[in-house]
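Please work from the sequences and hints to get the whole structure.
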Amino acid sequence: MSVLRIVLQVILAISSLFLTLLILLHKGKGGGLSDMFGGGVTTSLSGSSMAERNLNRFTITIGCVWFATVVLLGLVERFTNEF
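Residue numbers in the sequence shown follow full-length UniProt numbering, run continuously in steps of one, and reach 83 at the last position.
Treat the hints with caution; some may be incorrect.
[Claimed, not checked] So the derived label-pair ranges between C-beta atoms look like this:
hint	residue 1	residue 2	range
1	Phe58	Val7	31 to 37 Å
2	Met50	Val71	27 to 33 Å
3	Ser2	Ser49	29 to 35 Å
4	Ala51	Ser2	38 to 44 Å
5	Val76	Leu24	28 to 34 Å
6	Thr80	Asn54	34 to 40 Å
7	Glu77	Leu21	26 to 32 Å
Simulated from the structure, these hints should not be mistaken for laboratory data. Ideal Cβ placement from N, Cα and C applies to all residues, glycine included.
Listed below in structure tokens is the structure:
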């Protein structure tokens, strides 16, 4: 297995876990599963618009990293001649 493929797989695993964590940190919009598991409880930190805006930015950034890693892994798999 090439070094590039291993590095991309590690980045994919880390970004997947971090993306899941960031998505779970988002405030629920009400009436869904997030309210069922305690997401409806409001705190002073989650009410801040700056904290929510930064959380959105981090989530979008990690999502783009995850997407780029998936595309790069697909390209590496397609253009390697190891059968």
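Hints and how they fare:
In this structure, phenylalanine 58 and valine 7 break the distance hint of 31 to 37 Å, their C-beta atoms being roughly 22 Å apart. The hint said 27 to 33 Å for the Cβ distance between methionine 50 and valine 71, and at roughly 32 Å that hint holds. A hinted range of 29 to 35 Å for the beta carbons of serine 2 and serine 49 is inconsistent with their spacing of about 45 Å. Taking 38 to 44 Å as the suggested C-beta distance range, the pair alanine 51 and serine 2 conforms, at roughly 41 Å.
Range check, valine 76 to leucine 24: Cβ separation about 30 Å, and the 28 to 34 Å hint holds. A hinted range of 34 to 40 Å holds for the C-beta pair threonine 80 and asparagine 54, which are about 39 Å apart. As the Cβ distance of glutamate 77 to leucine 21 is approximately 27 Å, the hint placing it in 26 to 32 Å holds.
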